[in-house]
Amino acid sequence: MMDRERGFGLIELMVALVLGLLASGVALQLLLVNNQTFSLQRTSATLEQDGQMLLRYMMADIRQAGRGTATDGTIDPVVFDTTQTAFAQDGVNGGNDQLVINYFGLRDCQGGGNGTEQEIINRYFVDNQGVLSCSGNLSGGVAELMEGVESFQVQYGIDTELNGQAGVTRYVNAGAQGASPVVTIRFDILLRSEGEVQTPAVATAYYLGDQLVNVAADRRLRKVFRSTVMIRNFDWDGV
-13 MMDRERGFGL IELMVALVLG LLASGVALQL LLVNNQTFSL QRTSATLEQD GQMLLRYMMA
47 DIRQAGRGTA TDGTIDPVVF DTTQTAFAQD GVNGGNDQLV INYFGLRDCQ GGGNGTEQEI
107 INRYFVDNQG VLSCSGNLSG GVAELMEGVE SFQVQYGIDT ELNGQAGVTR YVNAGAQGAS
167 PVVTIRFDIL LRSEGEVQTP AVATAYYLGD QLVNVAADRR LRKVFRSTVM IRNFDWDGV
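Note that this note's numbering gives residue 92 to position 106 of the sequence shown, counting from 1, and the numbers run on in steps of one.
I should point out that these hints are in silico values taken from the structure, not numbers from a laboratory. Each residue gets a CB set at the ideal place from its N, CA and C atoms; glycine is no exception. Heads up, some of the hints might be wrong.
[Claimed, not checked] EDC-like mimics (lysine to aspartate or glutamate), calculated; alpha carbons at most 16 Å apart, straight line:
1. Lys209 / Glu182
2. Lys209 / Asp76
3. Lys209 / Glu103
4. Lys209 / Glu180
5. Lys209 / Asp36
6. Lys209 / Glu105
[Stated by the list, open to error] The following label-pair restraints were derived from C-beta to C-beta distances:
7. Gln27 / Leu5: 31 to 37 Å
8. Gly127 / Arg212: 27 to 33 Å
9. Thr214 / Met39: 16 to 22 Å
10. Gly181 / Met39: 14 to 20 Å
11. Val117 / Pro186: 23 to 29 Å
12. Ala46 / Asp204: 28 to 34 Å
13. Val210 / Met0: 53 to 59 Å
14. Val188 / Met45: 29 to 35 Å
15. Leu7 / Met45: 37 to 43 Å
Sequences and hints are given; from them, build the entire structure.
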């Protein structure tokens, strides 16, 4: 006698359906996790790239500070004189600082110049929209360098020993340097990502220079970029 052909029973179909749903759920969860990880990595990489690009640009410009002409030798690398239109300032109550450097060159930070060496005064500052910008004395107007800047802090390494050897004895804010020569410039920039990522929203505190910057909880990535630049052009008779 031949066996009868049997199909799947109702219980077997329900078990198969449940197993299929579980497998689909696991696959969907893995897809979501992978997408979140990719988004986080892409945002982090973009933030890192932007920050490093900004550091390289500012470091290259700051290294020119204090360079004079063939006859003048060196000039003051940083403009602290408050009688000038643009001068280095310390942010009030932890606000953003302003850096103003001075040197002889062909172009200011906006590209202004006539092809001959002139005194250049570049002012770095953060506007009310969180954009780090630079204005040059030869151009007029403002060149926007980077958006998403939450804090910009600058300190100046001064040499108070005056022993003929350049060396930083302490770091001070703008206005506290006195008559001591500036031999290094240290700046810190806190950048935030343009968009949000799928991470827990946690309030965070960051140290920039001598300032503690508190940031409210949100889902943006943030990172501090910092650099210390040795002043190449200064009056050696003054150290």
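Are there hints from earlier that the structure breaks, and if so, what are their numbers? Checked against the structure, the hints that fail are numbers 2, 3, 6, 15, while the rest are satisfied.
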